[in-house]
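S.K.: Each chain, written out:
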Amino acid sequence: MNRILLIAVLAVAYVGVPVVFGGNAYVLGLIVAALTIAGVAVAWALLGNLGGMVSFGHAAFFGVGSYTSAVLAMKLGVPVFAAMLLGGVGAAISSIAMLPALRLRGPYFALAILAYAHIFQILATEMTPVTGGAGGLLSIPRFPTVLGFDFGDKTGGYLIVLTIVVLAALAYDAIRRSTWGLALKAMHDTEVATRVVGVPSTHLKAAMLVLSAFITGVVGAFNAHFISFLDPDYAFSSGWTVLPIAAAIFGGYRTVWGPVVGALAIYLVDQLLFKPILPHGHQMILGVLLCAMILFSPGGLMPALRRRPAKENRHAHA
Amino acid sequence: MLTLEGVQVNFGGVQALKSASFSIAEGESIGLVGPNGAGKTTLFNVISGVVRPTAGRLDFRGTSLLKLPEWKRARLGIGRSFQIPRPFGHCTVRENLLVAQRFGAGKKDPRRVDEILDILNLRDKADRDATTELALTEHKALEVGKALATEPSLLLLDEVLAGLETSGKRAFMERLAAVRDRYRLAMVIIEHDIATIAALCPRVLVLNFGQIIADGSPDAVFRDPEVIRSYTGETTLAEAS
Amino acid sequence: MFELTLQALFSGLLAGGYYATVAVGLALVFGTMRVINLAHGELVLLAAYVAYAAESNYGVSPVLAIPVALVIVAAASALVYALLSRIDQDREINSLILTFGLGIILTNTILSIWAADIRSTSDPWFQDSMVVADTLFAMNAEVAAFVGGLVLMAGVWWWLNHSWQGRAVRALSSNRAAATLMGVNPRKIEILSFMIAALLATFAGFAIYTGKTVFPALGHVLTVKAFIITVLAGMGSIPGVLIGAVMIGVIESLTVTYLSASLQELAGMILFLVVLFVSPSGLFGGGRALAR
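Chain order of the listed sequences is Y, U and D.
Note that the numbering used here has the first sequence beginning at 1, numbered continuously upward.
Note that the numbering used here has the second sequence beginning at 1, numbered continuously upward.
Note that the numbering used here has the third sequence beginning at 1, numbered continuously upward.
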């Protein structure tokens, strides 16, 4: 996306949307939920595209981030904004336990992460004194009023999650364009060749995993304070893995803004169109979407929509 | 500069290197020859860190390399090209060099990339995709270029001439000599073409079945009956020099 | 205490039988196509729900519905195969995501037709328990499933080792290029392994429906468990898969007996991670879990 378009979109997002939808809690709630998915989708795409590792367990980071932040705010009185960032840190730390999984090949890594997600979920259910057990945590502190603006209501929440998503996307983009990004791209096919020119490949992959976990953790933490409720089944629900993957694939996980666009499109269409039709099993459409994308346009919708000369198309990778 | 002592490499039941011991001085050019399967590439793999030896010492300017991963060795100044070129995918030629330079040993002078492009005659292909738009000679040149971009003090070149026809070989040879002279590097070159080796390297090591069987000037080495036997199975003089 | 342990071991052994039947199908497809069919568990589930539909809509004993289920599952498997073979780039990752998506479609289709309630057979014979060796209890269904599963797996194992197609499957798994040069038609063999997997999946579906309970989310659980078992076994050997499955079954059983029912899945997961990191080629070798 070029600069002008980006600034225009951001202006609409930061100013236009609150002005137009500010009074409509339902619509804002949907948009916030869609952006939450978008945040995880960007983090997932970062790991998949730059790190070269597809994960089926991002719900793990989401859940750990949510719980870390909620517990810090509730039991230790940490201010909510700080707790949210610490939620991300918590998720990042939990990803360190997953570093050994980096040497595994695609499917094995994807499912090893899934195993971690299950383990964290069970831990959250069992550590009742800390996490409230299966019943979960209620009345998690909402976002406070800062400089006269109440961030605890829907509009405030919207602005926070919007900022998180934008920052995440910008970070993803910055890495992608740098020599680190080039090295990461090169590592996919020829890791040894990159190592002999001095690229610390394992460290770079680890950095991508930790970063992806951090972003997802922050988004999870945001969500906990926004809806003020948490339980293990919700926090670690597979929806936090499946929806972002569908969003990223649909929007194009090799692009930066694709996952965001994909999340908005998929979530809103799913909630507004399919859920009323098929109250049970509407997520089936996600499955159809995933399959269709893989079969017809593995790069996602955004690269398919762009009309670019052949030379640039090659650089549409990563 | 580089010292190997008693280096041994076992792969399962096969002993690829039996007990290699030799030293390389700063700025020296050494040819490494031997029949296929003698262990030449394994030796390179040991020095660059792709393979861990099962025994032996390996020191570079006083530091033991044994515990260092490949990328740390690259940053110390050991550069290496692969026999089968492995360009960085979805990147241009220039980007390939930039990545190598960014992570390599050197001072990151932006002009160095252009210098390398010129020396290796890759200037007009600088912005082409390295995996899909290069001819064989250019692939080989890029392999050397990537290793060079890291600003090594020791350059390991694995059969860079393989697959090129005679005139292409000569041109490439001249470029290699220019590289060596320009950057004052130590080089170890694996090559089958005896003429090239004799012209480029004042010292030749011969490897056979994982052992060094000769170490000296090209003249001496290629008349050594042991060496001749390793290539031809006989002790009569070959048309080697 | 001793009797409790013995019973736990016995139940775990029987559970292992179920898991093994599911896992062998997954391993077979992975062996020939190098693809992990993440929809495999859903195929098992499909068979189970066909059994349920037969029983609840037509009052028919589940056993009689097996042929119908077989046809349905085989057709679904053929569809999965057809879609998989259309993938031409980034095969490993794209087929993972494709089968992941297919699994979601199947699970949600089942969810929308039959709702999320837990189902099991109402045929009393299956629920009756029997006593083995004077002290050990098991449901008739469990023992029938175990024995049936063993027979089926023994058959597959024999077929893999002694029939021409079976050997072709093994050849394709170990060295695709060489096998095709020797006249093995990869497409036919791939479809064949999908069909055998469908057979095993159908049996497993019925076994689980009669001996345990089914619900839409079970598909995913089964796939993950089958994958874990194949990692334990190293994806190379059927006896290995059986042993791996029994290990998981026993660990789960012991955890439920001595610790807590909610920790049942945890035990398997932890075992999975431990084996993956300590011995990535699996306990019995033949695996290829590590990156280049």
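None of these hints come from the bench; they were simulated from the model.
Do not rely on the hints blindly, as some may be mistaken.
Covered by chain Y, per the in silico footprint, the following chain U stretches (three or more residues, Cβ under 8 Å) [stated by the list, open to error]:
#	stretch
1	59–71
2	89–100
3	103–113
4	138–150
5	198–208
Here a beta-carbon is modelled for each residue, glycine too, at the ideal position from N, C-alpha and C.
S.K.: For each hint, tell me whether it holds in the structure or not.
M.R.: Verification of the hints:
{"no.": "1", "hint": "59–71", "in the structure": "holds (count 3)"}
{"no.": "2", "hint": "89–100", "in the structure": "holds (count 8)"}
{"no.": "3", "hint": "103–113", "in the structure": "holds (count 3)"}
{"no.": "4", "hint": "138–150", "in the structure": "holds (count 4)"}
{"no.": "5", "hint": "198–208", "in the structure": "violated (count 0)"}
The structure fails hint 5 only (numbered hints given earlier).
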